[in-house]
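**Student:** Here is how the chains run, residue by residue.
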Amino acid sequence: MDSVICIVDVLPELLGTYGDYGNVIVLAKRLQLRGFKVRIIQATADKSIPQTGDVYVLGGGEDSPQSEAAKILRNSKSLNIAYDNGSFVFGVCAGFQILGNSFVADNKVEEGIGLADFYSVRGSRRSVGELVINSDIFGPNYLLSGFENHGGVTVLGQDVEPLGRVLIGKGNGYNESGNSSYKTDNSTDPMQLSFNKYSRSIDDKFSSKMTKKTPIQFRDGILSKRLLCTYMHGPVLARNYKLADFILNQIVPIEDEVDALGRLNTYSERLRTERLKSTL
Amino acid sequence: MSTLSFKTKVGLRVLQIVRSLSRMLKLGSGSVIGGRLLLLVSKNALNDMSKGKSVVLVSGTNGKTTTTALISGIITGYGNKVATNALGANMEAGIANSLAISLDSSVCVFEVDEHWLEEIMGKTAPQVVVLLNLSRDQLDRTTEVRVLAQRWKKALSENLSVKVVANADDPLVAFCASDHPSTTWISGGNRWLTDAISCPNCGTNLKIESNNGTGIKYYCSNCNFAKPNPTFNVLAKDGSFSVAMADGDDLLKDIKISLPGSFNGLNSAFALIASKLMGNEDLSQSVEHITNIKEIAGRYSLKNVASLGVGIRMMLAKNPAGWVEALNLISSDSNPVIFAINAEIPDGKDPSWLYDVPFEIVNSKYVVAAGKRVLDLATRLAYADFIFEVADDYHNLFKSTNFIEQIKAIQGLERIDLIANYSAFQDLLKMEFV
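Quick mapping for you: the protein sequence lines, in order, are chains A and B. Throughout the first sequence, residue numbering follows the working numbering, covering 1 to 280 in sequence. Throughout the second sequence, residue numbering follows the working numbering, covering 281 to 714 in sequence.
Treat the hints as calculated values from the structure; they're not laboratory data. Treat the hints loosely; a few may be bogus.
Unchecked claim - One side only, chain B facing chain A, incomplete, derived with CB under 10 Å:
1) K629
2) A658
3) V670
4) D673
Just so you know, these numbers come straight off a predicted model, no measurement behind them. We treat Cβ as the ideally placed atom computed from N, Cα and C, and that holds for glycine.
Taking the hints into account, I'd like the entire structure generated from these sequences.
**Tutor:** Put into structure tokens, the structure is as follows:
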């Protein structure tokens, strides 16, 4: 284990509004406690973004820093090169939107860096609150829990898989299979999409949600071989340690159970359970 | 009183009745509800009541309550009757109530919620506005901080006659006040620049130099935005501060204060300069009125715990910038610390910001994690390599033999520090520890 795993915190001064550095802390600590050497690179805008990182982490940000971050990433192309060369990319909230084809910030359509085929538009109201999703990675026995705070609606291209199905909250705010709760204003222009009132009822319990396929079920995030994105913002990996380990496993083979991680896993698991209960 | 409109007079009568009822039924002071009813009856009550009075407004993410209390202390010290919202009811209803119950005051000193500044400035026509700082706070329910900065800038552009006292070391504040014709700039360092790393004007990354906790320098390499030239330089330390003119002449040298933390030295300087602009020119005389202030609305008060033989110093920190200051204050001693975190509506429902706080700088301390969101805090502390206890109940904590033994074993134990966010702090303030 002489090699060093390199975690790149991408433009943290622009994409780090919601405690997003927490995800870097979690990934680094969970590698270190397994005996790996870790290097964290704070790739701020005044430095060049490295192209040889093992995992790139992008967090949330306000509109104008988000546009600025997209501009820097478009110009440098470093993240595209790293991704094409096999690096893993983890994008959250604004950092998720940037990785697609386009997004809206300050009422302007901005070009993303196109790591995958999806785009984001502005919803008619902000989505703020607990977000619970069921991902195929873990099945129904380990729901992912986070907090979302964004005004975006994200539409995935045909070949792009979501990270999971939303049980509580809005996530991408869209279901590509057609049963969405959005009006398209009789327009074929996806930019005209406007978000209608979220129609799920909070008293549907998780169990029924998992057994009964509801007609409108939003998606959250995206998942492909080397790309994982979500609207569960901030330190989502602290609350869902298995998601952190899933990402690490894509970079390097890791042992599942390590004694040194016991305390972290215990608190993380108690936290996740408490947050899930709070939404019921 | 005679200049008040008929509606305001009726509103004041309603407010009096609500206050009496509220007291009779032991429902608290009824201050916000009374203020709301007053405004419902007379929507211009605030304009009406503040007419003819000298008004100072204090706003910012952190330090409002303290700075307001210090200004109020100075102005009261000169023999003026002051109307103030000392308990922090800082939106329109709370301010209207504070004014209504001190109608015979000649001076008003109000802290104003950052989101209400525009409105309250419009209604009270202040002589002086103090702008302390702007940083991320309660993002689940409030505006992101740059949008707020835009609104402040607009409010100032509509109030050209007001004298502004502004923090030159906060780029967002500098952005708001740099076009204003009457700004007095104070430079005294800034430990939290995370929300202002890119230029508030054009978005390019700012160049930030010599940020060592005293004065900083910053400028944008793309547009002409830069740190304004300070009018006063402040050197603040834990327990003392100095104020000098920009050319180096000392105005106050090593003044000892009773409030802890370098941030309170800086707050003191803001209070003195604001009072100076209100006509109290002699800083040496003004400072006499604040050096003995030891606590503000329970903050920095020492609560005794009989079972331990030491006191608990109560501190409030509501957001990452506040926590950075509080952690710095406690980082140089070995006293144990209790952290308490809630995520109720006044705190913001999302404690993600715990990961913006560099808890690591005090991870050699003995720590107790508490509050309604103790699991968020415990997870954060575990990732920061703390050895800590989780307290589900404060009363049981102080009876726990393990806790008492741990505390008593600490070398050089002077006190227990307690740092809590807003509603956790209010919960703890009410408690009697035995």
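**Student:** State for each hint whether it applies.
**Tutor:** Going through the hints against the structure:
no.	hint	verdict
1	K629	7 Å, holds
2	A658	5 Å, holds
3	V670	9 Å, holds
4	D673	16 Å, violated
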